[in-house]
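Which chain is which? The protein sequence lines are A and B, in order.
Numbering of the first sequence is given in the numbering used here, commencing with residue 1 and proceeding in unit increments.
Numbering of the second sequence is given in the numbering used here, commencing with residue 1 and proceeding in unit increments.
None of these hints come from the bench; they were simulated from the model.
Please note that a few of the clues may not be correct.
As the list claims (entries may be wrong) - These stretches of chain A come out as covered by chain B in the derived footprint (C-beta under 8 Å, 3 or more residues):
id, segment
1, 48-61
2, 85-97
3, 106-120
4, 133-147
5, 192-198
Ideal Cβ positions, reconstructed from N, Cα and C, are used throughout, including at glycine.
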Amino acid sequence: MTMSTEAAISITALRKSFGATTALDGLDLQVAAGEVHGFLGPNGSGKTTTIRVLLGLLLPDGGEVRMLGGDPWRDAVALHRRLTYVPGDVTPWPGITGGEVIDLLARLRGGLNRRRRDELLEQFDLDPRKKTRTYSKGNRQKVALIAALASDAELLLLDEPTAGLDPLMESVFQRCVLQVKRQGRTVLLSSHILAEVEALCDRVSIIRLGRTVESGTLAELRHLTRTSIAVETAEPPHGIDALPGVYDLVVEDHHARFDVDTAQLDAVVRRLAPLGVRSMTSTPPTLEELFLRHYGDRQAAGPTVTS
Amino acid sequence: MTGTLPLLRFLLRRERIALPWWLLGATLLVLVQSGQSQSLYGSPEALAKLRQTIGGNTAAIAMNGPTRLLDSIGGEVVFEVFAFVAVVVALMNMFLVGRHTRADEESGRGELIRSARVGRHAPLAAALALAGLADLTVGVLVFAVTTGTGLPVAGSALFGAAIAGIGLAFAALTAVAAQVFENTRAAYGVVALVLGAAYVLRAAGDVGDGSLSWASPIGWGQRTFPYVGDRWWPLLLMLGVSVLLGAAAVVLLGGRDFGAGLVRPRPGRAAASTWLRSTCALAWRLQRGALAGWAAGIGLLGVAYGSIGDSIEQYVRDNPQIAEFFPGGAADIVDAYLSLTVGLSALLTAAYGVTSALRVRAEETSGRAEAVLATATSRLTWLAGQLSVALAGSAVALVAFGLGEGLAYGMTVSDAGQVPRLIGVALAYLPAVWSIIAVTVLFLGWVPRAAAALAWAVVAYCTVVALFADSFDLPGWARWASPFAHVPRVPLDDLAVPPLLVIGLSAAALVVAGYAGLRRRDIGP
Numbered sequence: 001m002t003m004s005t006e007a008a009i010s011i012t013a014l015r016k017s018f019g020a021t022t023a024l025d026g027l028d029l030q031v032a033a034g035e036v037h038g039f040l041g042p043n044g045s046g047k048t049t050t051i052r053v054l055l056g057l058l059l060p061d062g063g064e065v066r067m068l069g070g071d072p073w074r075d076a077v078a079l080h081r082r083l084t085y086v087p088g089d090v091t092p093w094p095g096i097t098g099g100e101v102i103d104l105l106a107r108l109r110g111g112l113n114r115r116r117r118d119e120l121l122e123q124f125d126l127d128p129r130k131k132t133r134t135y136s137k138g139n140r141q142k143v144a145l146i147a148a149l150a151s152d153a154e155l156l157l158l159d160e161p162t163a164g165l166d167p168l169m170e171s172v173f174q175r176c177v178l179q180v181k182r183q184g185r186t187v188l189l190s191s192h193i194l195a196e197v198e199a200l201c202d203r204v205s206i207i208r209l210g211r212t213v214e215s216g217t218l219a220e221l222r223h224l225t226r227t228s229i230a231v232e233t234a235e236p237p238h239g240i241d242a243l244p245g246v247y248d249l250v251v252e253d254h255h256a257r258f259d260v261d262t263a264q265l266d267a268v269v270r271r272l273a274p275l276g277v278r279s280m281t282s283t284p285p286t287l288e289e290l291f292l293r294h295y296g297d298r299q300a301a302g303p304t305v306t307s
Numbered sequence: 001m002t003g004t005l006p007l008l009r010f011l012l013r014r015e016r017i018a019l020p021w022w023l024l025g026a027t028l029l030v031l032v033q034s035g036q037s038q039s040l041y042g043s044p045e046a047l048a049k050l051r052q053t054i055g056g057n058t059a060a061i062a063m064n065g066p067t068r069l070l071d072s073i074g075g076e077v078v079f080e081v082f083a084f085v086a087v088v089v090a091l092m093n094m095f096l097v098g099r100h101t102r103a104d105e106e107s108g109r110g111e112l113i114r115s116a117r118v119g120r121h122a123p124l125a126a127a128l129a130l131a132g133l134a135d136l137t138v139g140v141l142v143f144a145v146t147t148g149t150g151l152p153v154a155g156s157a158l159f160g161a162a163i164a165g166i167g168l169a170f171a172a173l174t175a176v177a178a179q180v181f182e183n184t185r186a187a188y189g190v191v192a193l194v195l196g197a198a199y200v201l202r203a204a205g206d207v208g209d210g211s212l213s214w215a216s217p218i219g220w221g222q223r224t225f226p227y228v229g230d231r232w233w234p235l236l237l238m239l240g241v242s243v244l245l246g247a248a249a250v251v252l253l254g255g256r257d258f259g260a261g262l263v264r265p266r267p268g269r270a271a272a273s274t275w276l277r278s279t280c281a282l283a284w285r286l287q288r289g290a291l292a293g294w295a296a297g298i299g300l301l302g303v304a305y306g307s308i309g310d311s312i313e314q315y316v317r318d319n320p321q322i323a324e325f326f327p328g329g330a331a332d333i334v335d336a337y338l339s340l341t342v343g344l345s346a347l348l349t350a351a352y353g354v355t356s357a358l359r360v361r362a363e364e365t366s367g368r369a370e371a372v373l374a375t376a377t378s379r380l381t382w383l384a385g386q387l388s389v390a391l392a393g394s395a396v397a398l399v400a401f402g403l404g405e406g407l408a409y410g411m412t413v414s415d416a417g418q419v420p421r422l423i424g425v426a427l428a429y430l431p432a433v434w435s436i437i438a439v440t441v442l443f444l445g446w447v448p449r450a451a452a453a454l455a456w457a458v459v460a461y462c463t464v465v466a467l468f469a470d471s472f473d474l475p476g477w478a479r480w481a482s483p484f485a486h487v488p489r490v491p492l493d494d495l496a497v498p499p500l501l502v503i504g505l506s507a508a509a510l511v512v513a514g515y516a517g518l519r520r521r522d523i524g525p
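Build out the structure end to end from the sequences listed, making use of the hints.
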């Protein structure tokens, strides 16, 4: 793994269990300074537990965790001045207003950019004078988002931050994150919204059952999956089934349909060329397929970390 | 109205835990009072003496009710207990109706229910029917325990009916408030205000010429004069008010949107005020209402106790068997009485301290602690902010008690010096109260999930030791384990500083030990 700057977050072999439940089982995560890192995994895979460890709320059972050059458990207070956090399910104190919550959280962290706060209130269309008990789920989420985005913190830990936001607000959020990225700040974004991940993230890590199963740029991850090929050849397409990395082959006369590991694509094309290709369509894997492959129960693959 | 009946069954199920406790509490109040009054004033002579003592005591009349009730022993029971049972039953009705109308609407549960084959008015009708059933049960239970303890049947029926009628009136009032306000707390606030006003108007009327009592549902109930005059027609007033208010609630509900009220909630601050910049300030902001409520309640209890302090000497002379309840016996009876009441208030204050300290856990399980601890706030700062309210708040509550008791007692004996004296006496219990808070912190640090149960067990234990150590004949070590047993019984005994210091230092050690646990454990549900 090569990294131009020091890693903002570096986790190796992190383990954490609650009683008999193992939440994290040797998790690895590397987030470079200045990147937006997507953190993906099915519900209950350990994303929130990881973020709570990074916040110094949970004491790890084992493994190495470094964040912004410090130890999240020991140096919690010092590190928290440099980061900001949006929880996935926000339940602010019901008796005080959204504006008060935003200001209070910012003051507790060490100040906020007032002009930025007011811009964000306008962009997210939030009435700060309402008591938080009267907010809808989306509006409660906005309170936490504005409190985080109005800060100048160098690291943003976002745990499914857009749950409950409408598409318009989702695009406001994406604009804000891109702006944060341009400023060279680091974002760890846990999310289920694939369009959001595709639009924002430089690299992603996919975790499952408390372990990292995939990590890399989106292009690299695509490379790990299969491409669907449909081909018509002059000669009957024999011998394809003997090639490595070919699956679900169906041959009818001069037609063949099959999936191929993207890494083996070149070898397959070389084998087809002498047969006289009349037509060929190739469908690259969608992000959904990529994620479903890791989220689903069928393929419990071991860790295949690349980059 | 479609769906009212299934909803009512559902509400009965939701209330199966809480409602029986309310009913039990109200019934026990009457049962205990009926037994006690009949054993103390069963004879006509004893009752006549009581009439003489109480008849001249304005404070006792203001607390309880009109003196005409003292004409019979059944009336005496009503005099002692009616206003309190009425308040309990009114509150029960307020929560029953509020919880299943506006609170459900606020939480979104009501939406789920209304999306089913359920009419617009069904939730309100079911809530009122539930309250009606509860009131009917209270009435029957009051009738049962009063006739069961040997009081006349007609008076007992009237007593039960009057209590049920007051309950119904407050259920209907809550139904209206739930239509007017968008948030449940505001509705509760208004109903509680009306209840407080009902009590005060009744007190003023009973002390004066009685006309103000007619402005209060509690006054109507007492003026049925059960066991004395057996006057039934004031029940019609309660019934009429209930029907009118119920109809008003139905009309208001018909004209409003789901989730909306008639009064828009006042917008709050757009930005936090400058002082809201620490977890300590936040804790005070969040808990100031609760503290004000507890301090006011404990202070009023002080007024109630203080107001009969002067009569206590006369009272004990009339009823020598009561002297057994006091630590010093018949000698120094007033000081013994004051010492006993301050001790009770200290137990109540400890209960307040535990509720406040347990907010630490509530913040944690709700995820709000996470939001705060993700900022540059250390666990120590966070804990200290929360605890500052419990520690200082319990001092405030004790001062409120001393102030209330000192004012009321000082006025009856014309001695302003009683105010500082009794405040000082109450504060002697501060280290013991703090030690209970400190034990709670220890639990929060090391066994957070069990903290609430354990802390309340400690409070219950101290209460049992304080009230029943003699009657249960508890061994010495069992008493020794309660910090309250080590507080000098001021003003009966002299104030000794060393035990207070020891209690205070143990409390400090417990807090430190609790923090040590909190420091190294996971934060979260």
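Earlier hints that do not hold, by number: 5
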